[in-house]
Amino acid sequence: GEDVEQSLFLSVREGDSSVINCTYTDSSSTYLYWYKQEPGAGLQLLTYIFSNMDMKQDQRLTVLLNKKDKHLSLRIADTQTGDSAIYFCAEIPPGGYNKLIFGAGTRLAVHP
Amino acid sequence: KAGVTQTPRYLIKTRGQQVTLSCSPISGHRSVSWYQQTPGQGLQFLFEYFSETQRNKGNFPGRFSGRQFSNSRSEMNVSTLELGDSALYLCATTDGSSTDTQYFGPGTRLTVL
Numbered sequence: 007g008e009d010v011e012q013s014l015f016l017s018v019r020e021g022d023s024s025v026i027n028c029t030y031t032d033s034s035s036t037y038l039y040w041y042k043q044e045p046g047a048g049l050q051l052l053t054y055i056f057s058n059m060d061m062k063q064d065q066r067l068t069v070l071l072n073k074k075d076k077h078l079s080l081r082i083a084d085t086q087t088g089d090s091a092i093y094f095c096a097e098i099p100p101g102g103y104n105k106l107i108f109g110a111g112t113r114l115a116v117h118p
Numbered sequence: 131k132a133g134v135t136q137t138p139r140y141l142i143k144t145r146g147q148q149v150t151l152s153c154s155p156i157s158g159h160r161s162v163s164w165y166q167q168t169p170g171q172g173l174q175f176l177f178e179y180f181s182e183t184q185r186n187k188g189n190f191p192g193r194f195s196g197r198q199f200s201n202s203r204s205e206m207n208v209s210t211l212e213l214g215d216s217a218l219y220l221c222a223t224t225d226g227s228s229t230d231t232q233y234f235g236p237g238t239r240l241t242v243l
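Chains as they are written, first to last, in this note's numbering: chain A, 7 to 118; chain B, 131 to 243.
Hints are computed from structural coordinates only; laboratory data are not their basis. Some hints here could point you the wrong way.
[Said to hold, decoys possible] Below, simulated DSSO-like cross-link-like pairs (lysine-lysine); rule was C-alpha separation at most 27 Å, straight line:
#: 1; chain 1: A; residue 1: Lys76; chain 2: B; residue 2: Lys187
#: 2; chain 1: B; residue 1: Lys187; chain 2: B; residue 2: Lys143
#: 3; chain 1: A; residue 1: Lys42; chain 2: A; residue 2: Lys74
#: 4; chain 1: B; residue 1: Lys187; chain 2: A; residue 2: Lys42
Based on the sequences and whatever the hints tell you, model everything.
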């Protein structure tokens with residue numbers, strides 16, 4: 007079925023690393039995405055990873071992909087208060103015609 | 131390039147009314163998808179349009195409909211509004227590249243009273 011799973015909450019101290027985990031459903035999905043949503047705003051694309059990659063790094067963001075376990079993670083280094091938001095992982099199953107399947111979102115709270 | 135534009139940003143309607151929301155894609159983007167976001171159900175796919183044709187549809191009742199114009203702008207319509215239709219409606223557009231990366235607008239916040 008279509009069920010991307012994420013833990014709902016994460017609280018970290020400013021300056022620490024944050025790791026947000028996601029389990030997706032379709033091992034055939036070509037690309038997997040991370041989006042960020044701040045209060046009252048739309049979704050901002052953070053990064054994506056191609057399914058034949060294990061890791062992708064983009065400045066403070068590191069995405070790890072374990073295709074065997076269908077597990078995706080997003081690591082944010084040196085987390086700042088401006089990183090407080092909801093983070094969604096998403097996939098487009100094959101033949102999905104741009105139909106993104108989202109997880110429930112992980113609310114990241116960064117405290118001093 | 132200008133981003134995805136959605137109008138209006140906020141809307142208040144009463145039960146039984148109908149509503150039309152608009153989405154203007156990033157220049158050059160020909161695919162437009164619509165999503166509904168609610169606290170209870172999260173982000174759910176409504177439908178996707180490409181070259182004025184609906185290619186994919188989510189599990190929503192027929193009260194939800196959409197269309198796309200020749201300039202790729204899209205509208206969605208909800209008829210006979212129900213309280214449960216209160217949500218943030220997001221549209222996303224893509225240029226059809228191999229990454230299928232979708233860029234989202236700020237959303238329209240619909241409140242049904």
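Which hint numbers doesn't this structure obey?
Checked against the structure, no hint fails, so every one of them is satisfied.
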